[in-house]
Structures are given as C-alpha cells and as structure tokens.
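**Student:** Protein sequences, first through last, are from chains A and B. The first sequence begins at 1 in our numbering and counts up one residue at a time. The second sequence begins at 1 in our numbering and counts up one residue at a time.
Hint data in this document are derived by calculation from the structure and do not stem from the laboratory. Source: prediction; values computed, not measured. Treat the hints loosely; a few may be bogus.
[Stated by the list, open to error] Computed footprint of chain B on chain A, listed as stretches where at least three residues anywhere in the stretch have a Cβ under 8 Å from a Cβ of chain B:
#1 68-80
#2 104-110
[To be verified] Calculated Cβ distances over 12 Å to all of chain B for the following chain A residues:
#3 13
#4 37
#5 88
#6 98
[What the hints assert, rightly or not] Here are the simulated lysine-lysine pairs, BS3-like style, with alpha carbons at most 27 Å apart:
#7 A:18 to A:36
#8 B:79 to A:36
#9 A:36 to B:98
#10 A:41 to B:103
#11 A:19 to A:40
#12 A:19 to B:59
#13 A:41 to B:68
#14 A:18 to B:42
#15 B:42 to A:41
#16 B:98 to A:22
#17 B:42 to B:68
#18 B:42 to A:36
#19 A:18 to B:103
Note that CB positions come from ideal geometry on N, CA and C, so glycine has one too.
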Amino acid sequence: ETGVTQTPRHLVMGMTNKKSLKCEQHLGHNAMYWYKQSAKKPLELMFVYNFKEQTENNSVPSRFSPECPNSSHLFLHLHTLQPEDSALYLCASSQDPSGYYEQYFGPGTRLTVT
Amino acid sequence: EDQVTQSPEALRLQEGESSSLNCSYTVSGLRGLFWYRQDPGKGPEFLFTLYSAGEEKEKERLKATLTKKESFLHITAPKPEDSATYLCAVRSGGSNYKLTFGKGTLLTVNP
Numbered sequence: 001e002t003g004v005t006q007t008p009r010h011l012v013m014g015m016t017n018k019k020s021l022k023c024e025q026h027l028g029h030n031a032m033y034w035y036k037q038s039a040k041k042p043l044e045l046m047f048v049y050n051f052k053e054q055t056e057n058n059s060v061p062s063r064f065s066p067e068c069p070n071s072s073h074l075f076l077h078l079h080t081l082q083p084e085d086s087a088l089y090l091c092a093s094s095q096d097p098s099g100y101y102e103q104y105f106g107p108g109t110r111l112t113v114t
Numbered sequence: 001e002d003q004v005t006q007s008p009e010a011l012r013l014q015e016g017e018s019s020s021l022n023c024s025y026t027v028s029g030l031r032g033l034f035w036y037r038q039d040p041g042k043g044p045e046f047l048f049t050l051y052s053a054g055e056e057k058e059k060e061r062l063k064a065t066l067t068k069k070e071s072f073l074h075i076t077a078p079k080p081e082d083s084a085t086y087l088c089a090v091r092s093g094g095s096n097y098k099l100t101f102g103k104g105t106l107l108t109v110n111p
C-alpha cells in the first residue's frame, strides 16, 4: 500500500447505528486530519492530530469521535448520526501541521445516513 | 478569519484552449497557498505549494502564480484528461492548524 488509504469506501448506516472509519498513511508523516466534504461546500476541517495528540477540534458534534493510536492510523467513530451528516469523509496526512507542508489525501469514505 | 474565493465556479474549454483559474484570498500572514486537483469520487491530489508573492511553479500544462491577494492556475493547451475540480487552500500564520479551502472550480475540457 502507498499513500493514504481509507476503509470502507462506501458506508450506509441508520441513525441509531455505530460504525467506524479507518485511515492509514504510509508516508511516514506525523500529522493526520479528518475532513468533511459536502456538496457545494468547501472542505471542512474536523480534527487534527500531531504525533497522535489531538491538537484541533473544529467544533465538531460529539457524535463524531476520533481516535489516533499512533502516527500512522486514524479512526473516526460514528454514532447516532443525522441525515445531514451524509458526506464524503476524507483523511489526510502531512509531515507536520505547521502549514508549510502539503497534505496528502486518501480516497475518502462516502457516508450515507438513512 | 481566513477567506478563499475561487472563480469561476465552472469553466468549459475546448481542447487546446488556454485559460486561467483564480483564487482570491484574505489571510493574516500567509504561510502557504496550495492547489489541489479533485476527480469525482476521489480525494484531492496535491499539485503545488506557493509561499510568497512572485513565486511561480509549473507542472506539465499547469502553472501556478501568486500575488499578495490572489493566485492563478494557468492551463495551457488543456486536454480532456485535465477535466476535474481544482481546489485552492491557504494556511495562515495563526496558532490554529486550519487549512481554509475554497469551493473549487469545475473545469471541463471538451475534445
């Protein structure tokens, strides 16, 4: 595997389900990110992790719970979601979160909440 | 608050017809401006980083330029495979780690 991988690629869940999204980066980076991409809206940053420590929570509802066990893996745990949470969820990584280094994105998980 | 505005929202070109995409930004101390390409159903693919006014970078048919208020992505003699959404993002020198994205320009190149 190379770059940033995400699983699953597609997910359909009911409002009462609990599911998790997984991201893995094979680039040796220290920072990882979760973004939400909705139609007609810019990418929205959700969470930032630097050396597996959360450094940013961009006012995300508690029904989204991130987990970063090490610098290569990032999870997004989902529970009691709303239909408006349906979107493309993107994981990204960079050498560090300073902003001087570009972020590399995974292919995303297309989430549909029914 | 950092702001990024991309124009036009959509652009349709004939193959070989050169044009430019615009990214206007407002930030407090620019740390970096990034261009990405995104194909439908995929994650953004990194193209360029620009750090200071006057800087230019090129890759195949693409050339990115930067001034103190905006960046342009020039596309020379585009091909149908250049069709994608092009995203611009900025990172300010503030204490947060947020990368602010524009809504993107959807480019369609017809053969």
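**Student:** Each hint: holds or not?
**Tutor:** Now for the hints, and whether the structure bears them out:
| no. | hint | in the structure |
| --- | --- | --- |
| 1 | 68-80 | violated (count 0) |
| 2 | 104-110 | holds (count 6) |
| 3 | 13 | holds (19 Å) |
| 4 | 37 | violated (9 Å) |
| 5 | 88 | violated (8 Å) |
| 6 | 98 | violated (7 Å) |
| 7 | A:18 to A:36 | holds (18 Å) |
| 8 | B:79 to A:36 | violated (30 Å) |
| 9 | A:36 to B:98 | holds (13 Å) |
| 10 | A:41 to B:103 | holds (6 Å) |
| 11 | A:19 to A:40 | holds (26 Å) |
| 12 | A:19 to B:59 | violated (40 Å) |
| 13 | A:41 to B:68 | holds (25 Å) |
| 14 | A:18 to B:42 | holds (24 Å) |
| 15 | B:42 to A:41 | holds (16 Å) |
| 16 | B:98 to A:22 | holds (22 Å) |
| 17 | B:42 to B:68 | violated (31 Å) |
| 18 | B:42 to A:36 | holds (13 Å) |
| 19 | A:18 to B:103 | violated (30 Å) |
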